[in-house]
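Enquirer: Please build the complex by placing chain V on the supplied structure of chain L, with the hints as guidance.
Line order of the protein sequences matches chains L and V.
Everything in the first sequence is counted per the numbering used here, starting at 1 for the first residue and increasing by one.
Everything in the second sequence is counted per the numbering used here, starting at 1 for the first residue and increasing by one.
Since the hints were made in silico from the structure, they are not lab data.
Watch out, some of these pointers could steer you wrong.
To be clear about the criterion: a stretch of chain V counts as covered by chain L if any three or more of its residues have a C-beta under 8 Å from a C-beta of chain L, and this derived list gives those stretches [unchecked claim]:
id, segment
1, 11 to 23
2, 31 to 43
3, 51 to 57
4, 125 to 133
5, 136 to 145
Think about it this way: if two alpha-carbon atoms lie no more than 30 Å apart in a straight line, the pair counts; the simulated DSBU-like pairs of lysine-lysine are [stated by the list, open to error]:
id, chain 1, residue 1, chain 2, residue 2
6, L, K66, L, K15
7, L, K35, L, K66
8, L, K35, V, K84
9, V, K84, L, K66
10, V, K47, V, K84
11, L, K59, L, K35
For each residue, glycine too, the CB sits at the ideal point set by N, CA and C.
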Amino acid sequence: MLLFRSEEWIEHWCKRNHLERGETLSVAQVWELSKLWYQDRLSLDYHGRSVEQVAEIFKHAGLTSKFWYV
Amino acid sequence: MDNTESPLWQVRAFVYNHFADTTHPPRVEDAARHFNIEIEEVSALYKELHNRHALFLEPETLTIRMANPFSGIPTDFRVHTNGKTYFANCAWDMLGIPAALSSRSDALIEAVCAESNESVQLEIRDGEIISSELLKIHFPLPFARWYDDLLFT
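Just chain L, with the same shape it has in the complex (with noise of 0.2 Å):
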């Protein structure tokens, strides 16, 4: 995942490297969805994630487009 200073300059980057627009999100929305995400990461009891709890992230994250689907 890539930091662009603005939309425009995902347009630039998709044209030049022959690639489709994928999803964008502000970094508010990723700041959100990294504490959902990565907020378990160091504890012993963290094993990984089933496919339901990656969907139940995304739907609290407000990540509901086909884009996201698990």
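Expert: Just chain V now, with coordinates in the frame of chain L:
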């Protein structure tokens, strides 16, 4: 092997906490010494964790390249927090490091725009992110394809 007490999950937690404490991944020798077990046993556990996507080894080696959100090599995403500097694997992981360490810890993040190559700074302060509203993070592949090519993702 799926209970918390199993060597696999103990080694996984050791890797992550070593990263958090030192900013670097532990070598197999470090883990063997910590658990007082043979290097061969740790090697097998590292490979099993790699196979389960719990960490990512450099090809044909036992060197940890990634234990998301931490990177074992320098990148364009530096996270300064708690008096230490970490490297993140990507733009998501640069936010993942403060979240993993504790979302209440302040952090200064230095990154680079992937297209303009300009430097960008963000801050986490009191659990809130402070940055330009124009900044965007692009996810090139849908979730279903993230593990097809982890380096590209």
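Enquirer: It remains to establish, for every hint, whether it holds in the given structure.
Expert: Structure-based check of each hint:
Evaluation of the coverage hint for the segment 11 to 23 of chain V: fulfilled, as 5 residues show C-beta separations to chain L shorter than 8 Å, against a requirement of three. Proximity of the segment 31 to 43 of chain V to chain L, defined as three or more residues with a beta carbon under 8 Å from a beta carbon of that chain, is not established by the 0 residues found. Against chain L, the segment 51 to 57 of chain V contributes 3 residues with a C-beta closer than 8 Å to a partner C-beta. That satisfies the three-residue criterion, and the hint holds. Counting residues of the segment 125 to 133 of chain V whose C-beta lies closer than 8 Å to any C-beta of chain L gives 4; at least three are required, and the coverage claim holds.
Counting residues of the segment 136 to 145 of chain V whose CB lies closer than 8 Å to any CB of chain L gives 9, so the stated coverage by that chain holds, three being the minimum. A distance of roughly 23 Å separates the Cα atoms of K66 of chain L and K15 of chain L; the hinted pair therefore holds under the 30 Å criterion. Of the supplied pair hints, the one linking K35 of chain L and K66 of chain L holds, its CA atoms being roughly 22 Å apart against a limit of 30 Å. Restraint check: the Cα-Cα separation between K35 of chain L and K84 of chain V comes to about 20 Å, which is no more than 30 Å; the hinted pair holds.
A C-alpha spacing of about 38 Å is found between K84 of chain V and K66 of chain L, which places the hinted pair above 30 Å, so the restraint is violated. Using a Cα cut-off of 30 Å, the hinted pair K47 of chain V and K84 of chain V holds, with the two alpha carbons roughly 28 Å apart. Of the pairs offered as hints, the one joining K59 of chain L and K35 of chain L holds, with about 14 Å between alpha carbons and a cut-off of 30 Å not exceeded.
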